[in-house]
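Novice: Can you build the whole structure from these sequences, using the hints too?
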Amino acid sequence: MEKRKILVVEDDPQVLAMLGEALDLMGVQPHCLASSREAAELVQKEKFDGVFLDWLMPEMNGLELAKRIRASEPNTRCPIFMLTGNDKRQALKESFDVGINLFLQKPISLEHIRQLVNVSRDTALEKQRHHSRVPLEVPVVCKWEHRQAQGQSINLSPTGLLVEMEQAPPPGARVHLELGLPGESQPLAVTAEVTRINADGRQTGFQFIEGGYEEWQRLKNLVEQEQTALRCE
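If you number the sequence shown the way numbering that gives the first Met the number 0 does, the last residue is 232 and the count never jumps.
Keep in mind that a hint or two might mislead.
Stated by the list, open to error - Pair ranges (Cβ atoms, derived):
id : residue 1 : residue 2 : range
1  : E72       : P186      : 39 to 45 Å
2  : N117      : E63       : 37 to 43 Å
3  : E136      : M17       : 29 to 35 Å
4  : M17       : K46       : 20 to 26 Å
5  : Q185      : E20       : 33 to 39 Å
6  : D23       : E63       : 23 to 29 Å
7  : P186      : K2        : 37 to 43 Å
Unchecked claim - 20 Å max Cα-Cα, derived EDC-like pairs, lysine to aspartate or glutamate:
id : residue 1 : residue 2
8  : K4        : E45
9  : K142      : E163
10 : K219      : E183
11 : K4        : E37
FYI, nobody ran anything at the bench for these hints, they're computed from the structure. Just so it is clear, CB atoms sit at the ideal spot from N, CA and C, and this is done for glycine as well.
Specialist: Structure follows, in structure tokens:
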């Protein structure tokens, strides 16, 4: 079986070497570059199964490189993971707007790398499923600033959901969501951003912007179960 190829772009030589060694031990083929400009040229010609990007680089920052990757024909839907210590809301929003899939906060642990390698594998195998939404009604609690509202989901994907609620946060607000998933005693907690509100203000769209691999896997599994149930009807 051909090894999955992971591109790593990081200008710190120690971090670059550590990531390359870790990925190699995990059975994937790392392609490590210290130059973001070289990486921008490479993604136009070669297809990768996942990309690790550093946020701050001297030639071209990770945000601009992510835009180049999304605009490239071979890697337009390749999973991209940003390595950063920046947790500011505007930075997160800009990153998700250009197509970053997940963040890896520095300092980096081998367990986090392993989790993201698994994400790249699952995303590469099921790109369409990852972005598809399924109709699903579950209770949702939304908290922002010092306010709280309850609602019910209309549809759900591993990257976001649409909720019917009486009182919606403002567009662009960063919120904490708790989803009561079927058959699970503990609600799923994720951080999300309000991406749209319909004309009458009763339906609110959210995009997930923070959550660990376990949360993402729970959502992915639920979406797949609902898709299977729909196909059997």
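Novice: All hints are to be evaluated individually against the structure, with a verdict given for each.
Specialist: Evaluation of the provided hints:
1. E72 with P186: 39 to 45 Å: Once the Cβ atoms are compared, 41 Å apart, the range 39 to 45 Å for P186 and E72 holds.
2. N117 with E63: 37 to 43 Å: violated (27 Å)
3. E136 with M17: 29 to 35 Å: violated (45 Å)
4. M17 with K46: 20 to 26 Å: Holds: the Cβ-Cβ distance is about 25 Å, inside 20 to 26 Å.
5. Q185 with E20: 33 to 39 Å: holds (36 Å)
6. D23 with E63: 23 to 29 Å: holds (28 Å)
7. P186 with K2: 37 to 43 Å: The hint (37 to 43 Å, Cβ to Cβ) holds, given that P186 and K2 are roughly 38 Å apart.
8. K4 with E45: Between K4 and E45 the Cα gap is close to 10 Å, so the pair holds against 20 Å.
9. K142 with E163: holds (15 Å)
10. K219 with E183: Given pair K219, E183 holds - Cα atoms ~15 Å apart, limit 20 Å.
11. K4 with E37: holds (17 Å)
Against the hints set out earlier in the document, violations occur for numbers 2 and 3.
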